[in-house]
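**Q** One letter stands for each residue in the lines below.
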Amino acid sequence: MSAAVALDLARVRSGYGEALIVREVDLDIRPGEIFVLLGKNGMGKSTLLKTVMGFLPIQAGNVRLFGEDITGHPPHRLARKAISYTPQEQPLFQDLSVEDNLRLGLRDDKYLEEGVKRIGMVFSFIPQRLKQRAGTLSGGEQKMLLVARALMSRPKLMLIDEISEGLQPSVIERLAGVLRSERDSTQVSILLIEQNVKFALSVADRYAVLKLGEIVDRGSVGDQGAEKSITDHLAV
Amino acid sequence: MLILGALALVLVAGGPYVLPTYMVNSLIRAFLYAAAALTVDILWGYTGILTFGQSAFFGIGAYAAGLIFTHIGFSLGYAALALVVGVAGAMIVAAIVGWLSFYQGASPLYASVVSLVLPIVVAQLLYSGGTFTGSSSGLSGFESFDIAIETWFWIAGAFLIILTAGAWIFVRSDAGRVLVAIRENEARCEYLGINVSRVKILLLVVCAAIGAAAGYAFACVQMVVAPEYAGFVFGTELVIWVALGGRGTLIGPVLGTLVIDVSTSYLSGNLPFVWKLIIGLTFVVVIVAIPQGLLPLIKGAVDRLRGRSKIDTAEPAPILQSVAADPFAGLAQAGAHALQIKDVRKHFGSLQVLEGINFTAVRGELLSLVGPNGAGKTTLMRCIADGNERTGGVILVNEHDIQRLPPYDCVAFGVGRKFQTATVFETLTVAESLRIARTRRALPSFRARAATLDVPEAALKVIQATGLDQMLQVEARHLSHGQKQALELAMVLTLEPNVLLLDEPTAGLTKAERMLIGQVLVELAGNHALCILLVEHDLDFVREISSRVIVLHQGRLVLDGTVHEVVESELVRTIYSGAAHAPAGSQA
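These protein sequences, in sequence, are chains A and B. Here this note's numbering = 1-based position in the first sequence + 294. Here this note's numbering = 1-based position in the second sequence + 665.
Just so you know, not all the hints are guaranteed correct.
As the list claims (entries may be wrong) - Simulated pairs of lysine-lysine, DSBU-like, Cα-Cα distance not exceeding 30 Å: (1) 941/B / 522/A; (2) 505/A / 492/A; (3) 1176/B / 1126/B; (4) 425/A / 450/A; (5) 941/B / 505/A; (6) 450/A / 492/A; (7) 375/A / 411/A; (8) 425/A / 411/A; (9) 411/A / 450/A; (10) 964/B / 522/A; (11) 941/B / 964/B; (12) 522/A / 505/A; (13) 1126/B / 492/A; (14) 404/A / 375/A; (15) 492/A / 1007/B; (16) 404/A / 425/A; (17) 964/B / 505/A; (18) 450/A / 505/A.
For the record, the hints were derived by calculation from the structure and aren't laboratory data.
Model the full assembly from the supplied sequences, consistent with the hints where possible.
**A** See the structure below:
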């Protein structure tokens, strides 16, 4: 496998105990690409990300990161490979300050000041409230801090689980801009999980729809009828 | 389980005939210790209250017998008196300690510290009691029941079996699940109308009574009592036995106690210090390697050998039954004003989160609360559902002043609150969670699991729309994020509130699921006269279902009007929605 692919999943299977949640998933994300994975609830989207990050044991298949086989690597080893992972639930250190949470996204403190400045252009509240305890931020502000922390580390691959949830519309719009400009300037690859189809289509290059652990639809966002196809798959 | 019970009965019945006397003696003591360990398991393993204090109740029961038999004398009448005094005394102490430990807002650590102090205080009192309590040498040589050792074996054995069986039935019943719900998420329980403090205090009182009864029997058999039996070392040993055996399993702690105590009585003579070391090391190894204890490990191995999976052993799901909701049941008064918010303020230290919020909502209104992230929307919801949250101002729910009342009292006025982040009971199944939500409406059985589950129509619709009806026996921790949100919403609806506070109820759900839930909400407001306060960021959704919209910005109420007025306003576009939400009509 060449390094022309940032993240490559081949026939990945995974689940919790006896329940198989992800079945035979093939997926490739190219360098500098924003890829969105859509699907209804309980279809295996988050499970797939957790499996890639090594939080869940992989039952079959292979995961490659820039050509290197990382199947079954534990999370702390993956974190050193310039992957940032933004899970859906409780990923902030509630008792630490905003600043300390950001610092944890960095390998070296010397990048902090520059990073905060960069983040502040997008989320203006962050530089003003560096000393505030993260747990006292509102739900939406915590989401923004998460994205900020992920961006701080200047990753090569970002895995982001439903970031638009709970954010006000104008912030979602800004977020789409941030992710695209970050991609343009650093060539980062981004795998997004989303329910918000409008946001997903506004930011992504390609998409796939997961249904009962299998990919049932994929294509480019620009394809004719892509939106309708996705919406049909997400209908009850 | 029946087989295990029958086996235990046979062993207890036949034990005295085949076992040596020393063993019989050791086992009697171990049976009574196991009864005390059982109470630790119920408190810690099931309810999550780590307690070192159960020894104190054991000691109170034992000393009630020792003191009365020594200083007054022994007769059947005095024996009965001692039992009553011991048990009642322990219950009174437990009620006081429980009140101290579990007051509103006390942390679990605080309760554990109180439980540690209790046996120290009781033991100190016994030490300083001079000849009355026998100080450090305790009381001995008092008269007691003239019963053969074999008979005591049967009595103690039967006591333990009945107790274990009773506890087994209780923890598996619908009422017993409430304990697990408390362990998993106290806040969610309170917001489902369960007075958690009261449940904990009652539980502690019952456990104290059991501990005291075991202590009483211990004094009657051994005819000796000493402060050590009320001390914190014994209290800690109980915790260790429970942990080794497997907390939250009942059988594990009982077996753990029997095995360790009996082997101790044999081996500590030969290996006085080494034995303590072995027990200590075993404890450390178990905590590190198998934190769930030995019984679950053994049981898992047996199940694997027999080729059984967890799915095979699951009980059948209860049948969901739709009931007609009566959201205004039990309310003394329910005027037209569902919600009155008067000059409500909230600070976090110097940070002003809400300032002078005023508005009124009537029944049948579906009121959306919008505003930028950090505007104070969630804080306002919190203030309505818990009287202790706000810094100032007055809130009336159904024309009842919520004063400084805790969440479960606000629930009694009709409040139902769904949190922003899905808040569910991780180890309870979907069906069990819904039944917990029903506790306030129908007292659950203490003996069995009901075969049916009543849920109001609205909750049923949410359950069906999100596919949860196919997952009734799935534990909440295995649900996806969106399914957890839906489960919490269904739980809150099962409560049959009349003022419904929903903080982003459809976050994590697809558009189609959202719209279904939107219909359910519109129907609740329209047909059942519910007042619904909704925080949502999806303006299309807000536009679709709301009858009125309030805008919060930097802790102030900046706009209050019809959907049209608010969504089209320049202010909302500037502070909140951005360019994507152009006026209606141009909407995709």
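**Q** Are the hints correct? Go through all of them and say.
**A** For each hint, the structure was consulted:
no. : hint            : verdict
1   : 941/B / 522/A   : 71 Å, violated
2   : 505/A / 492/A   : 19 Å, holds
3   : 1176/B / 1126/B : 16 Å, holds
4   : 425/A / 450/A   : 29 Å, holds
5   : 941/B / 505/A   : 57 Å, violated
6   : 450/A / 492/A   : 25 Å, holds
7   : 375/A / 411/A   : 25 Å, holds
8   : 425/A / 411/A   : 15 Å, holds
9   : 411/A / 450/A   : 20 Å, holds
10  : 964/B / 522/A   : 51 Å, violated
11  : 941/B / 964/B   : 27 Å, holds
12  : 522/A / 505/A   : 16 Å, holds
13  : 1126/B / 492/A  : 27 Å, holds
14  : 404/A / 375/A   : 20 Å, holds
15  : 492/A / 1007/B  : 39 Å, violated
16  : 404/A / 425/A   : 18 Å, holds
17  : 964/B / 505/A   : 36 Å, violated
18  : 450/A / 505/A   : 28 Å, holds
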